[in-house]
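Take these sequences, add in the hints, and give me the full structure.
Protein chains in written order, with this note's numbering: chain A, 1 to 115; chain B, 116 to 305.
Possibly wrong hints are sitting among the right ones.
Here are the simulated distance ranges between beta carbons [stated by the list, open to error]:
1) 117/B <-> 73/A: 42 to 48 Å
2) 80/A <-> 168/B: 20 to 26 Å
3) 94/A <-> 302/B: 55 to 61 Å
4) 252/B <-> 105/A: 34 to 40 Å
5) 148/B <-> 105/A: 22 to 28 Å
6) 73/A <-> 300/B: 47 to 53 Å
7) 110/A <-> 141/B: 26 to 32 Å
8) 68/A <-> 197/B: 27 to 33 Å
9) 88/A <-> 163/B: 27 to 33 Å
10) 110/A <-> 127/B: 29 to 35 Å
Derived list of chain B stretches under chain A, where covered just means 3 residues or more per stretch with a C-beta under 8 Å from a C-beta of chain A [claimed, not checked]:
11) 137–150
12) 215–227
13) 235–245
14) 250–259
15) 263–277
Read the hints as simulated data drawn from the structure, not as lab findings. Ideal Cβ positions, reconstructed from N, Cα and C, are used throughout, including at glycine.
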Amino acid sequence: MTRTNKDASPNASALTNGSGAAAILAGGIGSFALAVLACAGDKLAAIKNSLIFYRPTGPLSGATTSAILIWLATWGILEWRWRNRSVVLGRISIIALALLGLSLVLTFPPVVDLF
Amino acid sequence: MEISSRALWTVIHGLGFGALYLLACSGALVELYRFTLSSTPGEPTPGQERFLKFYLLAMVVLAWTAVLTGTYVIYPWYRAAAPRGKTDLSMFPQRLLMSSPATSGWHSLGMEWKEHVAWFTPISITMVAFVLIRYGRDLKNHRHLRVAVLSFAVASFIAAGIAGFFGAMLNKNAPVQGGTTIRLSRGEER
Chain A
1 MTRTNKDASP
11 NASALTNGSG
21 AAAILAGGIG
31 SFALAVLACA
41 GDKLAAIKNS
51 LIFYRPTGPL
61 SGATTSAILI
71 WLATWGILEW
81 RWRNRSVVLG
91 RISIIALALL
101 GLSLVLTFPP
111 VVDLF
Chain B
116 MEISSRALWT
126 VIHGLGFGAL
136 YLLACSGALV
146 ELYRFTLSST
156 PGEPTPGQER
166 FLKFYLLAMV
176 VLAWTAVLTG
186 TYVIYPWYRA
196 AAPRGKTDLS
206 MFPQRLLMSS
216 PATSGWHSLG
226 MEWKEHVAWF
236 TPISITMVAF
246 VLIRYGRDLK
256 NHRHLRVAVL
266 SFAVASFIAA
276 GIAGFFGAML
286 NKNAPVQGGT
296 TIRLSRGEER
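Below, the structure written as structure tokens:
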């Protein structure tokens, strides 16, 4: 999904799009991780118990903390890899937005109940 | 005129952070729309660009503060378990809602969705702010990036709207109560 800086847009852009793409894709992945963890915690008792990081808040504490860590780690790695590159942003944007859309749907309780 | 400390925290969370975020987001969406979808984006002045960056940073702070206070301050009061045999559930909002078929949906649909969907807001708006700060005026050279930023900003608004709506309805049907009583003013005696 990457290409060299020489193949970038003909516009005189001072910055490559890699850093922005990293932030966008990481946002989608982080959101999706939260949705998957919330769904799994709702369906499987073992996962639910393992997600209790702070007892008064219950499994929500673990689902959100884990998702935030996944989001930040993914962002850091992608930023490190893509910071100085130009990438195929159209495809990355579609993937990120699809993940975000899926996340919104996956957290909707009637959809969770289908699993 | 009195308010309990828990009710005050709920007001701070919902009105202070959540509603303010929604208001700020509606303004930001207009500005981002002008900045991103215009075929010839206007060139903002350095002052306007600085203001937009500061505005988005304030939104990031609001979003994170809203979800953190909601999750770690108010939610534990909401989901507290009632002692066995307790019949007055007014201090246990989740149990109170679940005790009646007329209100159980506010928990099983409303809170179950709200508690997770709200977290998409800070994730999305942090990304939006990062890209705006990183690229600034250079964003005009990245059409896909502009569209993605606007889409995530819309998603953050939708997520905050869902959370805000259910938060208000939950608090209307089963308000979080308790804690110390704060006297705001002394009423007139009749």
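Hint-by-hint comparison with the structure:
no. : hint                        : result
1   : 117/B <-> 73/A: 42 to 48 Å  : holds, 47 Å
2   : 80/A <-> 168/B: 20 to 26 Å  : holds, 24 Å
3   : 94/A <-> 302/B: 55 to 61 Å  : holds, 59 Å
4   : 252/B <-> 105/A: 34 to 40 Å : holds, 36 Å
5   : 148/B <-> 105/A: 22 to 28 Å : holds, 25 Å
6   : 73/A <-> 300/B: 47 to 53 Å  : holds, 50 Å
7   : 110/A <-> 141/B: 26 to 32 Å : holds, 28 Å
8   : 68/A <-> 197/B: 27 to 33 Å  : holds, 31 Å
9   : 88/A <-> 163/B: 27 to 33 Å  : holds, 31 Å
10  : 110/A <-> 127/B: 29 to 35 Å : holds, 31 Å
11  : 137–150                     : violated (count 0)
12  : 215–227                     : holds (count 3)
13  : 235–245                     : holds (count 6)
14  : 250–259                     : holds (count 5)
15  : 263–277                     : holds (count 7)
Hint compliance for this structure: hint 11 is the single one not met.
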